[in-house]
Amino acid sequence: MPIEIIYRNHHCEWIDVEAPTQEDLDFLHERYEINTLLLEDTIDPNHLPKFEQDNAVKFFLTRENTELERTSLNTISDISTKLGIFLFQNIIITVHRMKNRSIYEFKKEVLLPENKEITTDAIALKLALKVMKSFDDESQNLMETMDNVENEIFLKNTNNSNQIRRLYKLKRKSGLNARILNMSADWIDKFKTLQLNDAEVTDLKDKHKDVIADFEHLNAQVTNLISMFLAMSDQKANQVMKVLAIYSMYFFPITFIAGIYGMNFENMPELRQPSGYFFTLGLMAFIALLTFIYVRRKRW
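Residue numbers (the numbering used here): 1 to 300.
There is no bait here: all hints are sound.
Only pairs whose alpha carbons sit at most 25 angstroms apart, straight line, appear in this in silico DSS-like list of lysine-lysine:
no. : residue 1 : residue 2
1   : Lys-99    : Lys-50
2   : Lys-298   : Lys-236
3   : Lys-192   : Lys-126
4   : Lys-209   : Lys-171
5   : Lys-207   : Lys-107
6   : Lys-126   : Lys-50
7   : Lys-116   : Lys-130
8   : Lys-130   : Lys-190
9   : Lys-207   : Lys-130
10  : Lys-130   : Lys-50
11  : Lys-133   : Lys-99
Derived CB-CB ranges, DEER-like:
no. : residue 1 : residue 2 : range
12  : Asn-182   : Lys-107   : 27 to 33 angstroms
13  : Glu-152   : Ala-199   : 39 to 45 angstroms
14  : Asn-35    : Thr-202   : 27 to 33 angstroms
15  : Met-183   : Gln-53    : 17 to 23 angstroms
16  : Lys-169   : Gln-239   : 26 to 32 angstroms
17  : Met-241   : Tyr-294   : 18 to 24 angstroms
18  : Asn-267   : Ala-231   : 53 to 59 angstroms
19  : Arg-166   : Phe-278   : 55 to 61 angstroms
20  : Asp-54    : Arg-165   : 43 to 49 angstroms
21  : Asn-35    : Leu-73    : 30 to 36 angstroms
22  : Met-241   : Glu-152   : 23 to 29 angstroms
Hints are computed from structural coordinates only; laboratory data are not their basis.
Think of the CB as a built atom: it goes at the ideal place given N, C-alpha and C, for glycine as much as any other residue.
Take these sequences, add in the hints, and give me the full structure.
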């Protein structure tokens, strides 16, 4: 996508670059004298969030939560995408490798009448708030998913391997999101150096703290739910073993008697008794009845 001028007034110009090519980066370097190392950071998919200042250029490298569903959840790039913000005196340049929800939403809002006199610092703040909102939306989605899994486990009494996989995936997502947010504290704190009202910067910091708290709470809840799920699985397995053990109690004495009379000895007087067969069966039934009564009284 070519370099696009999204907004311009008498004291502000917003330039956006999506999926920049090497030619686009060279142009930004030559036209606006942006350090090439900073430009390379914007196309590195796994670069961590940061703030850096090079002469008159203030560089915010943020990460926005992405709605893309990845099969692997190993790195922060699996759940987020970068948004680089370069701030000059009257120019703001945003650079991102892929379609960015914050940019897409604010491109419409910046043209509203109330934003007629917006400044570059204010645009950067609005984009930062959009970035935080993407994590807030993700925390709400993950919380709803966790509630659904919890209801299936405890109310619908479904206990299968798919549940533990879903819980593990939730834990991985919440952990990666919390990691990104914790690393974003530095660039969020640097907004106090911009020409903004203290109340606006405080609002951004409060939003950041709220989202971190949400993911930490979610991570703790998922961890507890995994422990409870495994405990319930062990309890059900123990219940099955208990039932098998109880049934085996009926057959142990009976098997013992059958084993004795299965021996091939000549001197076994009981074998020649006319009622020996029926007496032995009756003894087996009597022992099984006694075992049943004992188990019932013990409430096993």
